[in-house]
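Participant: Just so you know, the sequences run in chain order A and B. Per this note's numbering, the very first residue in the first sequence carries number 1; after that it's consecutive. Per this note's numbering, the very first residue in the second sequence carries number 1; after that it's consecutive.
Don't take each hint at face value.
To be verified - Pulled from the structure, derived: some chain A residues nowhere near chain B, Cβ distances all over 10 angstroms: (1) 4; (2) 7; (3) 8; (4) 13; (5) 83; (6) 146; (7) 167; (8) 171; (9) 199; (10) 219; (11) 221; (12) 227; (13) 233.
Unchecked claim - To give an idea of the chain B side of the interface with chain A (calculated C-beta under 7 angstroms), a few residues: (14) 101; (15) 102; (16) 116.
Think of the hints as simulated: they come from the structure by calculation, not from any bench. All residues carry an ideal CB built from backbone N, CA and C; glycine is no exception.
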Amino acid sequence: MFRNQYDTDVTTWSPTGRLFQVEYAMEAVKQGSAAIGLRSRTHVVLACVNKAQSELSSHQRKIFKVDDHIGVAIAGLTADGRVLSRYMRSESINHSFTYESPLPVGRLVVHLADKAQVCTQRSWKRPYGVGLLVGGLDESGAHLYYNCPSGNYFEYQAFAIGSRSQAAKTYLERRFESFADSSKEDLIKDAILAVRETLQGETLKSSLCTVAVLGVGEPFSFLDQETIQKVIDTFEKVPEEEEAEGGEGEAEEAAAPPAAEQGDQDVAPMEM
Amino acid sequence: MTFTIPIDNGDAVKNAEADSQRTLYPYVTGTSIVAIKYKDGVLMASDMGGSYGSTLRYKNIERVKAIGKHSLLGASGEISDFQEILRYLDELILNDNMWDDGNSLGPKEVHNYLTRVMYNRRNKFNPLWNTLVLGGIKNGESYLGMVSMIGVSFEDNHIATGFGNHLARPILRDEWHADLSFEDGVKLLEKCMRVLLYRDRSAINKLQIAKITEEGVTVSQPYSLKTFWEFQAFHNPTAGAEGSW
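Work out the full structure: start from the sequences and follow the hints.
Facilitator: Put into structure tokens, the structure is as follows:
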């Protein structure tokens, strides 16, 4: 995509009917580190790659609990993602308070998409630079949605966003037909395998990924590092040299792994 | 029974205007509602009277209405406030249906919504002067609860409002049990309504019983109960205590 004279304002159409600022916002999503989501009839698994900017720093949190029955994984401008997560939590808890009942995830994503659309139609705003994989429950079971900076949303059986997500998508395309009836354990395994695809050669370690699960009768929770490592051990032939010292992969920041990283050299500086 | 906040700025006209915007006391009122859970759902009974103080002025008021696919709402108290609540719920259900996404508000959700509405109004010293009974069934689970005009809300297997609290609940406590058949449920409700008919001066002998099951709502045609006035105790009611009524 090259610079052109129609891309300065989000409220300027191009002659071919495109809003370039919105498309540029979607580019920001592609620069972020990968996030993956898959679902069965009863469970949703969200997984993401932990990318620390340097050896000295910790990695950013990219998966958020919105409610017991809704979780979100983000890719792109993490700051925008945090703000939208806060909005989702607010909507969810307001609904719970008024109706004593969980907000159906399908309705939450519509609110989210409408909020994103507003930013594509105001000259004094800019689109959110973050893609959200929203996993949650409603009366008909488990669902996975992708919310785009454009204000569009789509439902998926499985999806991946962020840098090198195409590799994960290829893997998921091969396997998705079996997901609907998968067990929770198989779904987790597929998620971690998809994460491995995005690492492209780098050794998969539990410290490099965060995994969260939610399901019917099972509230949102993060998997701890041990559990993730056990799953990795079932398919990684080479045993891991060192365990990450970070301990639990819970909501609190884990210590950055001092592992050798190829690193994503062209990560947008705004991702930190 | 006034709900005025003392505003001492000496301006009688202004105060009167402010007061006319708030509910101070009820005018046209409905009496008790009695409701029970039974085998297939919920049964709710009410008479069709609207009293204007001590006058039994209106005799064709439906005090139990269907809400969406899954709920029944019965109200005692101010009839105009009940109609206002029906308008709120109408909008709520409409918006819920417009989503058209397979999710729908069940009786628990409607009950909690009403609790919020009633409590918030109470906090503004402008209550909706009703005691509401919300019953329904969704996904095989039956639900029955009530909300008062001050926002007190709870669920139970059997509910009664107004005079029903004093006259019907003792009967229900003794004779209600789980998995009542439809016929037994109706008999139990009629027993309660008959006692209310004898002893509640605002009750009239024209009642409806509404039923809600997974299939939907049915409200019976109005009918009346057989009464018997030849009890010994009715012949000389003050025999035990001269001068009382």
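Participant: Against this structure, judge whether each hint is valid.
Facilitator: Now the hints, each set against the structure:
1. A cut-off of 10 angstroms between C-beta atoms confirms that residue 4 of chain A is not in contact with chain B; the least separation is 39 angstroms.
2. Remark: the non-interface label on residue 7 of chain A is consistent with the geometry, its nearest Cβ contact in chain B lying 36 angstroms away (cut-off 10 angstroms).
3. With a least CB separation of 38 angstroms from chain B, residue 8 of chain A remains clear of the 10 angstroms interface cut-off, as annotated.
4. Every beta carbon of chain B lies more than 10 angstroms from that of residue 13 of chain A, the smallest distance being close to 30 angstroms; the non-interface claim holds.
5. Under the 10 angstroms C-beta cut-off, the non-interface status given to residue 83 of chain A relative to chain B holds; the minimum distance is some 25 angstroms.
6. The claim that residue 146 of chain A is not at the interface with chain B holds, since no C-beta of that chain comes within 10 angstroms of its own (minimum 17 angstroms).
7. With a least beta-carbon separation of about 33 angstroms from chain B, residue 167 of chain A lies farther than 10 angstroms from that chain, consistent with its non-interface assignment.
8. With a cut of 10 angstroms on Cβ distances, residue 171 of chain A stays outside the contact zone with chain B, its closest approach being about 31 angstroms.
9. With 10 angstroms as the threshold on Cβ separation, the claim that residue 199 of chain A sits away from chain B holds: the shortest Cβ distance comes to roughly 37 angstroms.
10. The claim that residue 219 of chain A is not at the interface with chain B holds, since no C-beta of that chain comes within 10 angstroms of its own (minimum 19 angstroms).
11. Non-interface call for residue 221 of chain A relative to chain B: holds, since the shortest CB-CB distance, roughly 24 angstroms, exceeds 10 angstroms.
12. Every C-beta of chain B lies more than 10 angstroms from that of residue 227 of chain A, the closest at about 32 angstroms, which supports listing it as non-interface.
13. The non-interface label for residue 233 of chain A is consistent with chain B: the shortest C-beta to C-beta separation is roughly 40 angstroms, beyond 10 angstroms.
14. With 7 angstroms as the threshold, the beta carbon of residue 101 of chain B comes within range of chain A, its nearest partner Cβ sitting at about 5 angstroms, so the hint holds.
15. Interface hint at residue 102 of chain B: satisfied, since its Cβ lies 5 angstroms from the closest Cβ of chain A, which is below the 7 angstroms cut-off.
16. The interface hint given for residue 116 of chain B is met, as the beta carbon of that residue sits about 5 angstroms from the closest beta carbon of chain A, less than 7 angstroms.
Hint violations for this structure: none, all hints satisfied.
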